[in-house]
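Peer 1: Listed below are the residues making up each chain.
There are 2 protein chains.
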Amino acid sequence: MVTAPSASDINRFLDQAIGLAAANVAAGGGPFGALVVTPDGRIHEGVNHVTRDNDPTAHAEVVAIRTAAAASATFDLSGAVLYASCEPCPLCLAAALWARIGQVHFAADRQAAAGAGFDDALFYEYFDGSRPDLMPVRQTAVPAADVPFQAWHDNPDRVEY
Amino acid sequence: MVTAPSASDINRFLDQAIGLAAANVAAGGGPFGALVVTPDGRIHEGVNHVTRDNDPTAHAEVVAIRTAAAASATFDLSGAVLYASCEPCPLCLAAALWARIGQVHFAADRQAAAGAGFDDALFYEYFDGSRPDLMPVRQTAVPAADVPFQAWHDNPDRVEY
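Going down the list, the sequences are from chains A and B.
Going by the working numbering, the first residue of the first sequence is number 1, and it counts up by one from there.
Going by the working numbering, the first residue of the second sequence is number 1, and it counts up by one from there.
Worth flagging that the hints you see were computed from the coordinates, not collected in a lab.
Worth double-checking, as some hints may not be accurate.
[Said to hold, decoys possible] Chain A regions said to be covered by chain B (calculated; three or more residues, Cβ under 8 Å):
#, stretch
1, 36-46
2, 60-74
3, 129-143
[What the hints assert, rightly or not] Example chain B residues on the side facing chain A (calculated, C-beta under 8 Å, incomplete):
#, residue
4, Ala26
5, Phe32
6, Ile43
7, Ile65
8, Ala69
9, Ser85
10, Leu97
11, Phe106
12, Ala112
13, Ala151
Where is the CB? At the ideal position from N, CA and C, for every residue including glycine.
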């Protein structure tokens with residue numbers, strides 16, 4: 001259950017995410033900032049660290065989600081809201097889904113990101129099926145494929161998520 | 001440019017990823033393992049650490065990509081191949097796209113993951129547009145939206161990716 005933020009909250013948090021993004025550029029990073037606001041009202045920040053950390057997954061939203069989860073000592077951020085200076089790419093949307101983020105608000109869109117030289121719009125085309133050539137993905141049948149799931153099923157102490 | 005691995009290489013690396021996945025279950029983790037093989041022939045491992053680390057993004061493939069990028073001191077893994085014990089979910093595919101992974105091979109599929117209780121198949125439906133209700137995503141026009149991209153454009157020292 002997510003309590004809908006007010007319009008003024010949305011504007012305020014988006015401005016804060018934009019401020020993080022602009023400051024990150026000045027610090028040598030990418031032009032992206034994000035916040036995760038958890039149901040307890042705490043604000044968890046993230047900025048893009050891809051080039052600084054040599055981490056292709058260190059998008060602002062992913063960093064904010066990882067920070068919020070670690071600070072909350074849980075992998076389940078149900079009821080949290082994600083604010084991003086720019087429309088989250090598929091990586092960030094999928095991270096938000098797995099984190100059980102309740103809703104997402106953003107300011108600039110994927111075309112603005114593309115205009116700045118980023119591949120968000122292109123990767124959306126991968127996921128809508130129009131650019132499968134970007135990365136071939138193939139299944140190979142191997143006899144042991146089900147062994148990990150069987151071990152998981154047989155483990156009474158498994159932590160499900 | 002990715003040199004296509006041989007069928008025996010694919011089988012061997014998938015078996016190795018499956019072995020990591022099964023060992024991770026025994027260690028209390030999720031039933032997923034992955035390898036990134038970089039063009040220099042080095043093998044970078046990853047297993048699922050979501051529950052152990054309270055990190056909803058710590059999927060085996062993401063961990064392997066982050067490990068490979070850090071070990072290679074680059075955010076660009078062009079020419080690398082990703083092997084996964086199970087079909088990568090949208091988070092992992094997007095991470096691979098951003099990392100410029102050349103090709104992906106997997107053993108078990110998303111239905112096997114669903115059968116084990118994981119939401120991979122459900123999140124694929126989010127990306128094919130049939131389940132937008134899973135997470136509302138909304139744009140709000142704020143006056144400062146373009147400020148970070150303008151700062152990026154004006155920064156002659158920006159590191160593009």
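Peer 1: Compare the structure with each hint and give your call.
Peer 2: Verification of the supplied hints:
Restraint check on the stretch 36-46 of chain A versus chain B: 0 residues with Cβ-Cβ distances below 8 Å, three needed, restraint violated. Proximity of the stretch 60-74 of chain A to chain B, defined as three or more residues with a beta carbon under 8 Å from a beta carbon of that chain, is established by the 8 residues found. Residues of the stretch 129-143 of chain A with a Cβ under 8 Å from some Cβ of chain B number 10, which satisfies the need for three, so the listed coverage holds. Taken as an interface hint, Ala26/B checks out: its beta carbon lies about 7 Å from the nearest beta carbon of chain A, inside 8 Å.
The criterion of a C-beta within 8 Å of any C-beta in chain A is met by Phe32/B, whose closest approach is roughly 7 Å, and the hint holds. Evaluation of the Ile43/B hint against chain A yields a violated restraint, the C-beta minimum of about 17 Å exceeding 8 Å. The closest approach between the C-beta of Ile65/B and any C-beta of chain A is roughly 6 Å, which is under the 8 Å cut-off, so the hint is satisfied. With 8 Å as the threshold, the beta carbon of Ala69/B comes within range of chain A, its nearest partner Cβ sitting at about 5 Å, so the hint holds.
Below 8 Å, beta-carbon pairs count as interface contacts, and Ser85/B has one with chain A at about 6 Å; its hint therefore holds. Here the hint on Leu97/B is kept, as its CB sits about 5 Å from the closest CB of chain A, short of 8 Å. Taken as an interface hint, Phe106/B checks out: its beta carbon lies about 6 Å from the nearest beta carbon of chain A, inside 8 Å. A hinted interface residue such as Ala112/B counts as satisfied when its beta carbon comes closer than 8 Å to some beta carbon of chain A; here the least separation is about 6 Å, so the hint holds.
The restraint placing Ala151/B at the interface with chain A holds, with a minimum CB-CB distance near 4 Å, inside the 8 Å limit.
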